[in-house]
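**Q** Each chain, letter by letter, is given below.
Number of protein chains: 2
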Amino acid sequence: MSGNRAAGDERSVAEKVFAIADAFSSAGELSLTEIAQRAELPLSTAHRLVAEWVEWGGIVRGDDGLYRVGMRLWKLGVRAPTARRLRGVALPFLEDLYELSRENVHLAVRDGLGVLYLERISGRSAVPVISDIGSRLPLHATGVGLVLLAWSPPELLDELVASSPRKYLANTMTTDAELRPRLAEIRSAGMATSVNEMTQDSFSAAAPIRDHTDAVVAAVSIVAHADRSSDPRYPLAVGVAARGISRALGWRS
Amino acid sequence: MSGNRAAGDERSVAEKVFAIADAFSSAGELSLTEIAQRAELPLSTAHRLVAEWVEWGGIVRGDDGLYRVGMRLWKLGVRAPTARRLRGVALPFLEDLYELSRENVHLAVRDGLGVLYLERISGRSAVPVISDIGSRLPLHATGVGLVLLAWSPPELLDELVASSPRKYLANTMTTDAELRPRLAEIRSAGMATSVNEMTQDSFSAAAPIRDHTDAVVAAVSIVAHADRSSDPRYPLAVGVAARGISRALGWRS
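Chains as they are written, first to last, in numbering that gives the first Met the number 0: chain A, 0 to 252; chain B, 0 to 252.
Looking at chain A on its own, in the form it has when it is part of the complex:
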């Protein structure tokens, strides 16, 4: 029942408090036992610290006895300036893209070897995608991810290739030999288009968002049905939106 570290756990109390939060990083609801296991804490310690989390409101206990992330953490999290500012500046442009396309419109930032979705606007009839706000997908298999990878330090590609990236579909590129020329092409074109790399029958056009220092800080994309991949309006619209968001962030060409 107790975690692996139970004997001689040298973590501070704060680290144990955070370990409990981390238990929810890939789960919507957990029992106390599951929290203890994931946080590698003895059940008694987990019980005491979870009670403090619940008292504070960061975790809530449902009538079913399971624990979930509470609104107190939601309220705190939305105050993160990175997400708040970028989303605030980008939203009108994302809405323009959505009105043009009625497809999925994404705003994403890099998070390690993954891409983190800050915003998604989707029409009812848009192609189904697995991304959602707060979800994390791999850099190498998504349009926004390839854009963020293309403008990252070259060491990141080495790290990614060494991490045995998953080949989701036949088109997913996973090797240095495939990705290196692809990323050069993306940099040269100023944007990425991809078909069937993460989700079957989907097409993505993605472009980089730059801040006032000319650094690429985010990416915007439209994800549509694969049969739209030859429609020249999508890459153009995404490119224009990305430049608009960049300008609103203080970027000058």
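Ranges of calculated distance between the beta carbons of each label pair, as one might list FRET restraints:
no. : chain 1 : residue 1 : chain 2 : residue 2 : range
1   : B       : L168      : A       : D213      : 39 to 47 Å
2   : A       : S162      : B       : G56       : 17 to 25 Å
3   : B       : P180      : A       : L65       : 41 to 49 Å
Rough simulated footprint, nothing fancy, chain A against chain B, three-plus residues with beta-carbon under 8 Å:
no. : segment
4   : 21 to 28
5   : 46 to 58
6   : 63 to 70
7   : 78 to 86
Just so you know, the hints here were simulated from the structure itself, not pulled from any lab data.
Built from N, CA and C at the ideal position, the CB exists for glycine as well.
Please build the complex by placing chain B on the supplied structure of chain A, with the hints as guidance.
**A** Same frame as chain A, but now just chain B:
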């Protein structure tokens, strides 16, 4: 420099960890001294615990030496099922309302004597409003707030009136004598319309969202220019959207 509680502070370590997070509940960026003051901790304790927060990624330290909420908390917060599920179900309906009106569209839940905004979609030319995702405004002065108050236990009105609610504008109702008949009227109409109660020149039409138990769990609104207050389409559209969201949550009339 040290907080009021420094002598004989009986809070647990976890409570002190949470007190540091709470320092950011109404501030975007803080110095270490400000965090210590708000958390009522000695500077040395604040320094040590903030370092643990930064190590974890829940708080980040900028080049300017100020501390801000980090993306780790954002990622965790967006997992809160209340916000996630409600937003996911409501978003297509909010987008419909936005396309109809090109005005501000809000989704909100009650948070004590306030209303917490879970989502906002705004056109570029929409009337400016002070609400934003994660922001909190008073129940008695907003359309969504009046709706949530109307379907709350009656004790909440007593509590609100006793809290000396602020009269933002001439139209803002703050007394029991004003609010009680108003809330009865809202319950009878099934929705609330308000003009110039929180923001000058603004009109709000708001309706309740119910879950499968028939409980009012959220509210949706359109906020437009005051000159739209006689446009019969807005209350109708908001009412239809609220019922649509309710049905998607399992409600049956």
